[in-house]
Each structure stands twice: as structure tokens, then as C-alpha cells.
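Could you slot chain Z onto chain H? The hints should help.
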Amino acid sequence: MNFELDDDQRMLVDSVQTFVRKESPVSRFRALRSSGEGVTGEGDGFSRDLYRKMGELGWLGLPLPESVGGLGGSFVDLMLVLEQLGTTLVPEPILSSIVLSAMTVAECGGERFLDGVATGDRLLGLAYAEQNGRYDLSRLEATAEKSGAGYRLRANKRFVLDGHVADAFVVSAKLDGKVALFVVEAKDAKVQRLKTHDGRFAAHVSFDVELAADRLLAADGLAALSRAVERGAAAVCAEGLGVMQTVLSMTRDYLSQREQFGVKIGSFQALQHRCVDMFVETELARSTTLLAALALDDPKAVSVAKVQLAAGGRLVVQQAVQLHGGIGITDEADVGLYFKRMHVIQALFGDEDFHLARVARLGLD
Amino acid sequence: MDLSFSPEERAFREEVRAWIKTAMPPHLAAKAAVDGHFEMPEVMEWHKVLAQKGWVAPHWPVEWGGPGLDVARRFILTEELELAGAPQLSPFGLTMAGPLLMQFGNEAQKQRYLPKILSGEEVWCQGYSEPNAGSDLASLRLAARADGDFFVLDGQKTWTTYAQYAGWIFVLARTDPAAKKQSGISFFVVDMTSPGIRVRPTLTIGGTHAFCDTFFENVRVPKENLVGPLNGGWTLAKALLGHERTLVAAVGHSTRTLLRCKRIARETIGDDGRPLSQDPVWRAKIARMECRLEALRMQNYRAIAGAKQGHAPGPESSILKLRGSEVLQGMFELALDLMGHDGLSWMNEPGVVPAHEDWVAPTYDYVRAATIYAGSNEIQKNIIAKLILGLS
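Residue numbers (our numbering), protein chains in the order written: chain H, 8 to 372; chain Z, 12 to 403.
Quick caveat, the hints were computed from the structure, so don't treat them as lab data.
Every residue, glycine too, gets a C-beta built ideally from N, C-alpha and C.
Possibly wrong hints are sitting among the right ones.
[Unchecked claim] Over the 12 Å line for every Cβ pair with chain Z, so calculated as not near, a few chain H residues:
no.	residue
1	T203
2	L223
3	F286
4	E288
5	E359
[What the hints assert, rightly or not] So these bits of chain H aren't anywhere near chain Z, every CB distance computed over 12 Å:
no.	residue
6	K60
7	E63
8	E73
[Unchecked claim] When the alpha-carbon atoms are kept at most 25 Å apart in a straight line, the in silico SDA-like pairs for lysine to any residue are as follows:
no.	chain 1	residue 1	chain 2	residue 2
9	Z	K319	H	L12
10	H	K307	Z	S15
11	H	K307	Z	P291
12	Z	K59	Z	E93
Just chain H, same shape as in the assembly (with noise of 0.2 Å):
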């Protein structure tokens, strides 16, 4: 049992934070973000030029293998980045286009479809989820066809994750009673762009497509995207991981500066043990993502991690707009944007009720 980053692993995080500090503060995911106020929600909430120097870092390739110019790195490897693109709210699409589409990709074979998307050139989105269906894989209405030497794909896919830029998008529908997954390029979908809770930016994508045969991703893809709904949990748990830890650290200094009744408020014992329920709910979050990402298969492990991110995440942004007072409704206030992306992941891949009905599928049936 060894909990402890290596050297390698330490000069990673390192040039991450030194990264975000310089190339993504908080400021600019404002500047950049869908609405708010002097927001015109008009840009596509990231840069190219960015997510291609994250390429160039090798943070993109990091999970994927050596073969589509990835560098075969750990899941570990891969959270550690995450949870410090979290303390500053980097809205660049790693999670969108590399986590769940580009390691699927990977794993089911495609890597003709692979070109350019390590190096952050290519965008890719996963359309898994739809109106009639919540947290289950296979509950589709999606469906393709055997039409010719190919197929016809017809599905109505909702909140595509960055999916008002990706430049393909990986789909799953029933082919023969099966959840297949294919590949189709933009210009074959309609894309609806959105704006998300957090800022950032989705898409609602439909098909009505013939696709040639090549297109087909996985006959039976249905585990392939189960691994890929648990990689985005037990990522989200890593980037909430981070945004508990800098709304935790905001908060001390607020609490540490401001002043009331002729004394810092944060000499007031409510507000200290408020602040000390924070910390706690952190560092154990802490614990659950580190097993999430070293069990990563283990579906309990993950579902434990992600409980902790909706219960104990849910609690520190509450507690930390909470603390902040006024200033922490306003828009204007750090704060709120943190508060508001943890609402979003907490639904993501498996909220808490989900989550907590699988934990008492494994331990009670």
C-alpha cells in the first residue's frame, strides 16, 4: 500500500499548476464562459490554440496508446491533471473529447478515427444520453440499420458534452438488440448548440444518417461505453476534487479577512466548524478519488467516489457560497462559478442516487 507520487507523477502536477496559474485562471474561464454578466456567450467557451498546447504538453495523449501518438500513461497520471484543470475551471474539452471519446475509440479499435485527436486538432463528443433515459446505457431509442453495404443511423442524442465543437462524435444505438457504437462526423449530425448550468457549452445532436460500413465503431459496444461512462465519474470526481479544495481555500481567506462586530469572522466558532465540516468532506473526497482511480474497474469503488463528490461536494460549495455572505450570490464573486460547475458534474455519469442504488445492488443482492 503506497499512496505517495512519484517523481515523475510530481513534476506533472507541478507543470500543471504552473500551467493553469499562467495560461487559465479562474478569470479567464469567466471571460470565456456561455452566460453571465458582459457575457455574450457568442465565443465556443475554449480555445483551440490552448487545448493544442495542452497537446503539445502531452497531457491529451496522456491515457491514449502509443499507437495514436499517445503515451500509454496511467489513470492516475490522467486524474492528477484533472483535478488541477479543476482548481481553475479549464474549460478546455479533455474530459469531452479525450476521457470518453478518444480512449473508447482506442479501446474498440478505431484508431483510423484517431488522426490529430492527441495533438488537440480534432474534437471528439460522445452521444450517449437521450430523452426517454437517465443513467442507463442501454435504455435507448436510438437505432441503426443494416441499409445496403452500410447503415442507417436515426438518433436524437441530448446534451453531447462540447458537442457544439466537436468535429465527430461517437454514438451509441441498438443495431440487432445490441448497443453499437459508431463514429459519424459533424456535418452528418444536427447540432443544437446549448448553454450548461456551468458556463460551458453542449449540444442536443440528432442523426438521420446512411453510414458506410466502416463507421461501425462496435457491433457490442455496450461494455465499451460503460467503461467510458465510469472513466467520466471517477474523472468528475477528480476535477471536483479540485474545485473543493480552491472554494475550501477561498473560503478560509474570506473568513481570515473579513471583518464584523470589530473581529474576523473567521474567530467565530459556528463558522470554524462550518469551515472544519468543508475540510473534512475534501480530504475525504481525496481518499475515494485516489480509489477510484487506482480500482478504476471496480464498480464500487467508483460508485463510492462519486457518492462523495455529490454529498460532500454539494456541501462544500453550498457552505462556501454560504460563508461568503452577500458577495457570494453575486455573480461577480468567484464563488458562484465553482459552486455552479459542481452541481454539474455531481449529475453527470451516476448522480448520488444512482450511485447509491448500485452500491446496494453489489452489497445486498
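For chain Z alone, coordinates are given in the frame of chain H:
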């Protein structure tokens, strides 16, 4: 990074598990199987079985009879004993007086006391709190007045758990009434058979006489029973808080209680005619406690791994007592809730409720103490706020 115990550590776990099965006397094993309550004589009987094996004081150094186990094995041993439902050993000699004597006692004191703590020949209790000195321990008033070769003790200690069984007590007493709060305190070990000591057991809400008041009236204590420097007792008081912080989370005890909750859920029929274990609301409640426990377990693993690397306990271990006590209470609350009407039963003859439910209500009541003793959780939060978050 590595999440798993090593093959050697796993083998050690098997060894402990197998040993407990053969070594536990049948009348203790019968109680353990249903999570029964152990009386102090039974606790000491088990103490002696463990002492024979050399495992009674896993954290003691080899020179004083400890088994020389590393921090991971100490955790495993503790966890397996808790998982087996074995009697919980009295900590006052093994984890309090013993290590303090090792750290601050002179050679004669160590030779005199340590072997008998280890063997279980002498039972200890703790004299820290007083009626007006709880969380504010430094305001204690038990007086120790120098008189020739003796100190004369006058006053009262409270929450002296299992003092009625103890042969020895370690106390913090005021040796310099004029000095500032913390500075005038000294640490003594006192023979409980000394004339002038009177013990009055207190019935707890858990239905057992766990606590006592211990009164001192002109109790003459030889000067050689002073441990550490005169008026230097506060240093010992603080040192006690730092001992074995990786073992305070009660992960094994909570795990066992979760398993009991699941058993009760499977065996208790709900209003829809199905076991509670099939009811979505109860399933979610059980799963939530399981998640809280697993998060705590990982927190504990991090503290152990850190200690293995030689790091002083950091913020991750300060959480273990805080959350560990809450999780333990939560487990018993869940068990009691699951029992429904069975939870009404209080210390009846066998058979009124299933044997494994007999002690749920009393234990639920008693473990409310877990967030109070060893530095109440509110005090723990004060410490974290000040030392880790820098709030003051």
C-alpha cells in the same frame, strides 16, 4: 501507487483470522457471534489470551514485549479483532499509561509497571476529567500537596471508566495552585487500594456501569509515583492525544455493524411483505452508510501508508476520530431503525428478540459517547480550525 496490501500483509490477515477462530474460548466466541456485551472479567480473560500470543500490545516496542508489527499489520490485527466481534480491550493500560510510561517514566517505573500492563495482571483506569474540567481539562483541581516523601491527593475525578475493576489509576493533579492553568499540573500513577480512595460506578444510558466517579481524600502517594517532571504533567496530557492515531477510526467495528445491519435488513419483513433489503428506501440508507464507511476506510489507508513512509500523522488522520465516531454511531442508528419494533426491547431474557439484536439498543445508546470521549468532536474541530485551517 498501490492500493492493495502486500501478499505478506494479506497472509498476516489470514493468520490472524485463523488464530482468532481457534484461540477464542467458546463462551467468548458465543457472545462474539451475536455481538454480545462483554463484562470486564471477560475482557481481561481475552487480554490474557492475546498476551500469551504476544499480540495484546501491537504498538509496543519489542523491548517491552511488543510483537514488532509495522503500522499496516497493527491496523490489520486491530481490524480483524474488531471484525471478529472480539472483546474490546481496555485501552487505559495498553494504549495510554503504557506508552506514556515508556516515553516519560524512569527506568524503575517502566520495570515496575509495564510487564503487568502487558500481562493483564494489573488493570488500569484514567483520571483526567473532573466535574468542572471536561473539554477544558487544564482547569482541573485535584490537589496534590507535597508532604515529606509523599504527595497527598484531595479531590475528585470523573468518567474514570471501569475504575471499579482497576488496580491502578493515572491522574493529572495540580501541584502548584499558584501557577498558570497548564503549568501547575503533574502526572501520577496511584494504587487504587490506597486508603482514602472511593469509587462510585455510574449507570450509563447504555445500561452498563462503564463510568465511575473516583474520590480522593487525603490519599498518600509516594513521591516515586510522579511520572515526568514536577509541574510538567501537561506535556504528558498532550502526548497522549498523539498516540496511535491511525487506529481510532473503528473501521473494523463499523464494518461488522454494517454486516449486522444487512443481516437484519434481510431477516426483517417490511409492509410490502418483502424483506427490508429489497425496499429501495432502506437500500439507499444502507448504501449511504456503506459509502461513508468505505470513504473512511480509504482515509485510514492513506494515514497508514503515510505512517509507513515515516510521515507524522497529517490532516488526513485528524479526520479519523471525527468521522470514525460519526460513522460508528450512524451504523448503530441504522441497525436500531431497521429493527422496528424489535428495537423496543431492552436487556430482556434471551429469545425476546433474535440474539444478534439483543445489544443493539444498549450499544446504540452507549456509542453516543464516541463523539464525546478522547476529545469531543467539537474540540477536534477547534483543533483542525486552528492548526490546519489557520482560523482564529
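We went through each hint and held it up to the structure:
1. T203: Correct as stated: the minimum Cβ-Cβ distance to chain Z is 27 Å, above 12 Å.
2. L223: L223 of chain H clear of chain Z: closest Cβ-Cβ about 37 Å, beyond 12 Å.
3. F286: Its Cβ does come within 12 Å of chain Z, the nearest being 6 Å, so this is violated.
4. E288: Incorrect as stated: the minimum Cβ-Cβ distance to chain Z is 9 Å, not above 12 Å.
5. E359: violated, 9 Å
6. K60: The assertion about K60 of chain H holds, with a minimum of 28 Å to chain Z.
7. E63: Label holds. Min Cβ-Cβ 27 Å, cutoff 12 Å.
8. E73: Consistent with the label, E73 of chain H stays out of reach of chain Z, its closest Cβ about 22 Å off (over 12 Å).
9. Z:K319 - H:L12: With a Cα-Cα distance of about 14 Å, the restraint between K319 of chain Z and L12 of chain H holds, given a limit of 25 Å.
10. H:K307 - Z:S15: holds, 16 Å
11. H:K307 - Z:P291: holds, 18 Å
12. Z:K59 - Z:E93: holds, 17 Å
Hints 3, 4, 5 from the list above are not met by this structure, while the remaining hints are.
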